[in-house]
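Chains as they are written, first to last, in my numbering: chain A, 1 to 364; chain B, 1 to 364; chain C, 1 to 364; chain D, 1 to 364.
Hints in this document: simulated from the structure, not taken from any laboratory. Heads up, some of the hints might be wrong.
Copies of the same chain are indistinguishable here, so a pair counts whether it falls within one copy or spans any two.
What the hints assert, rightly or not - Below, a list of computed lysine-lysine pairs in the DSBU-like style, where the Cα atoms sit at most 35 Å apart:
1) LYS322 to LYS85
2) LYS142 to LYS85
3) LYS85 to LYS160
4) LYS59 to LYS85
5) LYS59 to LYS201
6) LYS59 to LYS322
7) LYS160 to LYS322
4 protein chains.
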Amino acid sequence: MGNTFGTLFRITTWGESHGGGVGVVVDGCPPCLELSVADLQPDLDRRRPGQSSIVTPRKETDTVQILSGVFEGRTLGTPISLWVKNEDFRSEAYNEMAEKFRPSHADYTYHAKYGHRAWPGGGRTSARETIGRVAAGAIAKKLLRLRYGVEVLAAVTQVKDLVATVDPERFTAAEVEANILRCPDATQAPAMIALIEDARKNGDSLGGVVLGVARGVPVGWGDPVFDRLEADLAKAMLSLPATKGFEIGSGFAGVHLTGREHNDAFRNIDGEVRTLTNRSGGVQGGISNGETIYFRTAFKPVATVMHEQDTVDVHYQNTTLKGRGRHDPCVLPRAVPMVEAMTALVLLDHALRHEAQCGRPGTA
Amino acid sequence: MGNTFGTLFRITTWGESHGGGVGVVVDGCPPCLELSVADLQPDLDRRRPGQSSIVTPRKETDTVQILSGVFEGRTLGTPISLWVKNEDFRSEAYNEMAEKFRPSHADYTYHAKYGHRAWPGGGRTSARETIGRVAAGAIAKKLLRLRYGVEVLAAVTQVKDLVATVDPERFTAAEVEANILRCPDATQAPAMIALIEDARKNGDSLGGVVLGVARGVPVGWGDPVFDRLEADLAKAMLSLPATKGFEIGSGFAGVHLTGREHNDAFRNIDGEVRTLTNRSGGVQGGISNGETIYFRTAFKPVATVMHEQDTVDVHYQNTTLKGRGRHDPCVLPRAVPMVEAMTALVLLDHALRHEAQCGRPGTA
Amino acid sequence: MGNTFGTLFRITTWGESHGGGVGVVVDGCPPCLELSVADLQPDLDRRRPGQSSIVTPRKETDTVQILSGVFEGRTLGTPISLWVKNEDFRSEAYNEMAEKFRPSHADYTYHAKYGHRAWPGGGRTSARETIGRVAAGAIAKKLLRLRYGVEVLAAVTQVKDLVATVDPERFTAAEVEANILRCPDATQAPAMIALIEDARKNGDSLGGVVLGVARGVPVGWGDPVFDRLEADLAKAMLSLPATKGFEIGSGFAGVHLTGREHNDAFRNIDGEVRTLTNRSGGVQGGISNGETIYFRTAFKPVATVMHEQDTVDVHYQNTTLKGRGRHDPCVLPRAVPMVEAMTALVLLDHALRHEAQCGRPGTA
Amino acid sequence: MGNTFGTLFRITTWGESHGGGVGVVVDGCPPCLELSVADLQPDLDRRRPGQSSIVTPRKETDTVQILSGVFEGRTLGTPISLWVKNEDFRSEAYNEMAEKFRPSHADYTYHAKYGHRAWPGGGRTSARETIGRVAAGAIAKKLLRLRYGVEVLAAVTQVKDLVATVDPERFTAAEVEANILRCPDATQAPAMIALIEDARKNGDSLGGVVLGVARGVPVGWGDPVFDRLEADLAKAMLSLPATKGFEIGSGFAGVHLTGREHNDAFRNIDGEVRTLTNRSGGVQGGISNGETIYFRTAFKPVATVMHEQDTVDVHYQNTTLKGRGRHDPCVLPRAVPMVEAMTALVLLDHALRHEAQCGRPGTA
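One chain only, chain A, in its complex shape (with noise of 0.2 Å):
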């Protein structure tokens, strides 16, 4: 029961990495939304494998279709189902993992959750099961953009140890696109691929960080107490493969400051309440305050390296494992559209929380 995210506009995803294909059922879509392929499979392009020489060199087209949901081109508020069939699998570069769990993967636990495991692949645990977020999510962001004026954008900022300048204020779309990183610093983007290129050459990888941006969001979107906006936004990101952190505005940083220089000043500025500096990351109080929503989401290094490495087998006795086939040797490009589509189908969630409870206010 936990492949489902959101309350009124809710995702389920289902789907293996070598199985019948991969997607996702859309409960609650407003009806009446102009919706075709053509508003889902960019996202999907800049998800899917063999994109650039920085990640796996797998040939899948991920093309989606629409099953449901869409009648003559428009939503009709019924459930929108979205398929994508697996393709370039290679079941036989994966048959040591039937036997032996890779280090830092999901093999083990799996394998002791449910007492029985797709090992191809990784089965559930591939970042295959992220189509369905990034097609629900393009649905979401379509939304946000025509209905708020809101815009979703997210930029890789850390490689490893170098860290990219990008003010969330600021930088656009096209940056984002304008290299294979998807770092708007162009600056600082070519020595951090040439990093990334290094370790694809040693069989190694590498981690850092995506910052992903909301701007436009109105204010009294987020529900407290526990579906705080920026904790409903810690759950989406925590809940993408190979995350280990998550940080809002002046985030674990904010603790080196005292109160006093810490606190965002309010001020009218042309008839509207503003804070003069960001530190909330756009949210107070669980809420949006009308700011630039921003944070900072660390993915740990891709688990599968061409190295030799210590573990056990399904028979948990000692053994060695060396990965092999096509893998990323960093996740960050290709997460760039998940942090986008996962910070959409929150916000887009929240707004129609918001609408619902107080979107008349005034009139009882």
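Starting from the known structure of chain A, arrange chains B, C and D on it as the hints suggest.
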């Protein structure tokens, strides 16, 4: 609808700072558990104001009453309603807050979202709301201990720039309670406490980091893909007031390592599958792997400071505001039982979910 | 976890018959609604014991307190906690119930399920639990009336074999309250009341039927395919104590007609789409069609009778039990506000859900 | 968001009549259950069109594919995605429906609610939606049988005015399948079948009653106060197309009895607590009591008839409409597997919920 947390062990908190009290309804508690006020009050006492020189001097006893769900000393399996009356409130200390929004507080966002706001004492945004969580968490902690042998602990490990040395595997509850800061590093704690006392004297405030730990969690808890254990922990932590970040295991620091350096090798140790390192933080693929679960939560410096600050009033006009009344210079010592409570709530919920789906493997 | 009802306007009830009271937490209530005890108490008074000669003579005033969620007379948008203390309980009247299971009550099933049972007054199985529902329902009724012009009514239409003539389109609240039975058929009511009084004198009990009605519901409420309006109403009614059946519109009698006879023809009447008949009961395909919603709920005869009956004790040994204490000979008059409350809760929840998904059609 | 049913064993259906197919995602299924198409297809065949002379002659095979969640013949514990392609659709038969609302169908309410409607074949309102339920229900039935020894059955017991004699305790699946009506009363069935054939010849339609039964349910399933077993069954039944009523145990007829007459006496029979009668229908206080659960669901006569009827068009102008195409004269034979499926889904969900909360009583 954001005031409920958990699926099977489900809590709903209610109450404002200066109203008829605060409380919680716990639904789904297993029956026949011995339970009395004595199980709940100790953690509430660790959370309450006035307990030491580095927290707010307000004089609330926070005495809890069990209104339902327990009969003849044992739980009934029906909802447990817990209530703490509000005692020492001085609304006049807040009169100015009726008219002005405190910077980096939730006054403005609540005002804008709901169009109406319980300004005395912060209303629903007061940390008094966490009383219900801590009380419910005490029940969860007891169940985790008795049924599963799981120990949940938290500790302060950083105040501003001062970082304590605390081993997640080894520190004890006694060490945590050995000083008023709840920092088990006896060497570092005095300097940290002095730092907080300085901040208090200066009318300023500090933030820091709380480490959360769960030891003895069996393999298999967690519900991918969205309800991964770390995702639900992240949400739980970010739902606490004043939090800005969460990281599990290697966290943000982990991105500085390569995959080869970061991976946790599996070994059979005395017949059990163990990892030689624990950069995963006890969770792999969203499921506990039997190692100690540990994670860090960043708390920003307290927003209320005793200095004039720029802000706006309820008519959105520029003005200034200076904190008055009795406030915490640092939320950390009181946050420790909150982190423990939320951790226990997440773990127990997943324990029950795991048993529901996988509790009797192989029998079908 | 079965003590919560509703998705967006969500209630959680708690409390046992003889404990610290009964209550409810209402989450998701729109803010800025004027609300005071005066809005809640009238329906509680219609539900309370001792109100007439045909209900139990227990002397509880069921005075409600608002503990949270309302400030300066208006709702805050945060949880509304309502509490009614238990007053007139005489546990000694139930001493025998500690040892014996009352036939057709929930004593045995609670004992077997939970292994522990609050036997005084029936504990959680007491109809006192419905106090929380009725109080929350009063809020929902007020919102439905003010925001949507929807009127929710219920009435007794059958006692044992005596069937009243009541037109769902026309009877009024005043007619319902005109007699102690809450049957708007002034001709039939006296005989029905006499029947109940006879049953009471004989130590026996009666059942009957309550008609629920909602007038003025706009087209479009209801959420197929599972959360059809009639499905949620059916669940709401069958969640009330002592209910055995639900039918909407033509109900069970409708199966005697052919399709040609049963169908409701559409006609444009004064520019609105209307049906010439209303065998659908105001709902088609799970969505309200603008006609009056009406449905019938069957209540079985009260299980407690003042006669020796065969049963078993807690050691599962055969024995006999005779009802003692003060009991309702017929639950119907007190069930009327319960049916209204549950109806209002279902409708308001669907109103909010509808607005969340479809509230701004065509804007995307 | 109304397309998901269940809490722990949770299904989400999707699909329209004439789109890319219909399907269901099942989340929460216990792992390691042997499962193949052979477990699912038989119930789909009992549901499909064209199976006999008294149902629609459409020629769909309704062949199910398992897209995920099963590996090497056993369930993985991850979501099971099931898909049935749409085959024999003739949209031209529905062309008139693009412009006109069928009386007593959901055309008008969907049009009004969503502002957009998949008119071919009824779109989402088609009974094809139940394919997903029946497929998921087949899994639930298998689990109930293997893990708990619970048998779920349904049967037609009334067509228009003809009432069969069927004992809930005794009829068998073989008797149900012995005739095309699925009525185990071999004496009465031929007349009922003849009645339906007459209706078909006359272009008219009939309704009736389906009896649902669960035998072998252990004591303790059901989750008061809102998620009582009968409440969830009522919702499940009323969520099926064309249903107008639900009654459990004595149902509406029970109101004709007094409490003394109606109560089920408890007796110890061979060491077990049993009731001598079963007017409770196997549920007391919302919890199963170990007796056979039985309930009746009323299905209205099919709305599509081959006669001219008054209606309005999409411009809300008066017009007439005559049914065309291939329709069921009576939904009952095909409703039997639907009732079984929904019953099984409710029971299995409560089985898992019961184990989560009470599965290990006394251990705490």
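Evaluation of the provided hints:
Within a single copy, LYS322 and LYS85 get their C-alpha atoms as close as 29 Å, which meets the 35 Å cut-off; across copies the closest is 42 Å, which misses it. In the homo-oligomer, the alpha carbons of LYS142 and LYS85 lie at most 35 Å apart both inside one protomer (24 Å) and across protomers (29 Å), since each shortest distance falls under that limit. In this assembly of identical chains, LYS85 and LYS160 lie within 35 Å of each other by CA distance solely inside one copy; the values are 34 Å within and 47 Å between copies. Taking the shortest Cα distances, LYS59 and LYS85 sit within 35 Å of each other both inside one copy (13 Å) and across copies (27 Å).
When the C-alpha separation of LYS59 and LYS201 is checked against a cutoff of 35 Å, the pair qualifies only within one copy, where the shortest distance is 20 Å, while the shortest distance between copies is 58 Å. For the homomeric pair LYS59 and LYS322, the shortest alpha-carbon distance inside one copy (22 Å) is at most 35 Å, but the shortest distance between copies (53 Å) is not. For a Cα distance limit of 35 Å, the shortest separation of LYS160 from LYS322 inside one copy, 23 Å, qualifies, whereas the shortest one across copies, 43 Å, does not.
In summary, the structure agrees with every hint in the numbered list given earlier.
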